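Student: Here is how the chains run, residue by residue.
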Amino acid sequence: MEQTVRNPVIEVKNVNKSFGDNHVLKDFNMSVYPGENLVILGKSGSGKSVLIKCIISLIQADEGEILLLGSSIQGLEQDELDMLRAHVGFLFQSNALYDSMTVRQNLEFPLRIHWSKEERALGAEAAVKEALEDVGLLHTIDMMPSELSGGMKKRVALARSLILRPKVILYDEPTTGLDPITSREISELMVSVQQKYNATSVIISHDLNCIKITSNRVIMLIDGTCYADGTYEELSQSADPKIKEFFK
Amino acid sequence: MSRFTARFFNEASKPKQEYGEFFKQCYVIGYKTLTLVGVTAFIMGLVLTIQSRPTLLEFGAESLLPSMVSVSLIREIAPVITALICAGKIGSGLGAELGSMKVTEQIDAMEVSGTNPFKYLVVTRVLATTLMVPILSSLANAISLYGGFLGVNLRGDVSWNLYWFQVFGILNFGDVLPSLIKTFFFGFAIGIVGCYKGFSSQKGTEGVGRSATTAVIVASLMVFIVDLIAVQITDLLGLT
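In the order they appear, the protein sequences are chains A and B. Just so you know, the working numbering puts 87 at position 87 of the first sequence, and the rest follows in order with no gaps. Count along the second sequence starting at 1, add 248, and that's the number in the working numbering.
In case anyone wonders, no lab produced these hints; they're calculated from the structure. This one's a predicted model, so the numbers in the text were calculated from it and none came from an experiment. Accuracy of the hints is not assured; some may be wrong.
[To be verified] Derived, one-sided and incomplete: chain A residues facing chain B with beta-carbon distance under 10 angstroms:
{"id": "1", "residue": "Phe19"}
{"id": "2", "residue": "Met30"}
{"id": "3", "residue": "Ile56"}
{"id": "4", "residue": "Arg85"}
{"id": "5", "residue": "Ala86"}
{"id": "6", "residue": "Gly89"}
{"id": "7", "residue": "Asp99"}
{"id": "8", "residue": "Arg160"}
{"id": "9", "residue": "Ile213"}
[What the hints assert, rightly or not] Computed list of lysine-lysine pairs in DSBU-like fashion (alpha-carbon distance at most 35 angstroms, straight line):
{"id": "10", "chain 1": "A", "residue 1": "Lys167", "chain 2": "B", "residue 2": "Lys264"}
{"id": "11", "chain 1": "B", "residue 1": "Lys451", "chain 2": "B", "residue 2": "Lys272"}
{"id": "12", "chain 1": "A", "residue 1": "Lys43", "chain 2": "B", "residue 2": "Lys451"}
{"id": "13", "chain 1": "A", "residue 1": "Lys244", "chain 2": "A", "residue 2": "Lys196"}
{"id": "14", "chain 1": "A", "residue 1": "Lys244", "chain 2": "B", "residue 2": "Lys451"}
{"id": "15", "chain 1": "B", "residue 1": "Lys451", "chain 2": "A", "residue 2": "Lys13"}
{"id": "16", "chain 1": "A", "residue 1": "Lys117", "chain 2": "B", "residue 2": "Lys262"}
{"id": "17", "chain 1": "B", "residue 1": "Lys451", "chain 2": "B", "residue 2": "Lys337"}
{"id": "18", "chain 1": "A", "residue 1": "Lys117", "chain 2": "B", "residue 2": "Lys367"}
{"id": "19", "chain 1": "B", "residue 1": "Lys367", "chain 2": "A", "residue 2": "Lys244"}
{"id": "20", "chain 1": "B", "residue 1": "Lys451", "chain 2": "A", "residue 2": "Lys167"}
Glycine residues also receive a C-beta, built at the ideal position from the N, C-alpha and C atoms.
Turn these sequences into a full structure, and let the hints guide you.
Tutor: This is the structure we're talking about:
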């Protein structure tokens, strides 16, 4: 009940997105409230990553409106969009660490746009170290991404998405390709950084353990629409065959 | 491709350029291609001289060897061969680098962080190739003439002073300037094609390989097309 009186951090209204004949999102609606950890669950190719990329305007929706932190992203100029993106962290499925840069340079990269030269000179080093400490990888600061394991790359990518202290963090399949132990560690890390930074999270995942650990609420994306919305416990006990299929 | 080129001019004309990345690319593109260009240019000058000697000898014009070699090298051979080497090394490098950044979402990550990836990656690299290919070509001109000096003296005896006197005696404004100007266009064509192929890369690692290969093919073809146009313009202007 409390959620209905708070303004949503993200609002997706009647969004449609097609790739040729493939209608991926059909009049999709969703709201995410401050402090929530919302998981979007769905089959591969169901449009989860497309949705999360529409939210940050990496992909343009064909129709509908997306409000991010109160601003309609479709109507923003590039500079305004860049400023808005400073409040959003994005953890890519492939980590997307810059191969040619060290861990330190990877983390400093977002600062070069959003911090002034003076701010960078005074605070970049401390900000980088704090973000790396948060993910337990301070010792990797001068290493290259190629020297890191899969789990370490994921942590560094998470540190990079935290460097600007975002209000919203978007995770695109954060545990894909990781072993169960590392996957659990990453999931627990996501919860701890969410608490520390008081951020709102939207997580795309198939990993039931990750969903169980991280989610306050789960949305099921089936056939381009929001098929179900509830807590992990509610959905895992659902009698609906389409939902049960995911929780087997 | 034309839209990509138009976007390049649009982004390049805006303020706040990425100067640090531009100078880094000048180093990567220029300095790291220098050895390859230098060795090739030296061999080119040497071989051209050795192979031209018998023909000139038939007409009793062996003494014209330094003049003939210098005109051939400066006007056409050195700039075109340098551009083709750059199309191979730099074009494939740009196609593969940007292609791999594209398929591993690094370009998306840049965009999310508020950086304009086109300005950071494309504008800097295209400007760097446009500047560095003429510099490399000028160095190739000089080195190939040194190769020519060695070639002349393998079976003849031409003094250092006489060789350079003959080389510079025959060269004039109409030989050097058009040749230099066209290398800027070679550099631009190599940069824009390499970046376009990389930036539009798709379908994972297979797509990256294809981007690198097509970048070399298209950039090499563009070098010949630019050269053909440059020759026609030079001819129209009466600089031949």
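Student: So, for every hint listed, does it hold in this structure?
Tutor: Verification of the hints:
| no. | hint | verdict |
| --- | --- | --- |
| 1 | Phe19 | violated (13 angstroms) |
| 2 | Met30 | violated (20 angstroms) |
| 3 | Ile56 | holds (6 angstroms) |
| 4 | Arg85 | holds (5 angstroms) |
| 5 | Ala86 | holds (6 angstroms) |
| 6 | Gly89 | holds (8 angstroms) |
| 7 | Asp99 | holds (7 angstroms) |
| 8 | Arg160 | holds (8 angstroms) |
| 9 | Ile213 | violated (25 angstroms) |
| 10 | A:Lys167 <-> B:Lys264 | holds (28 angstroms) |
| 11 | B:Lys451 <-> B:Lys272 | holds (29 angstroms) |
| 12 | A:Lys43 <-> B:Lys451 | holds (21 angstroms) |
| 13 | A:Lys244 <-> A:Lys196 | holds (34 angstroms) |
| 14 | A:Lys244 <-> B:Lys451 | holds (33 angstroms) |
| 15 | B:Lys451 <-> A:Lys13 | holds (31 angstroms) |
| 16 | A:Lys117 <-> B:Lys262 | holds (20 angstroms) |
| 17 | B:Lys451 <-> B:Lys337 | holds (23 angstroms) |
| 18 | A:Lys117 <-> B:Lys367 | holds (19 angstroms) |
| 19 | B:Lys367 <-> A:Lys244 | violated (48 angstroms) |
| 20 | B:Lys451 <-> A:Lys167 | holds (33 angstroms) |
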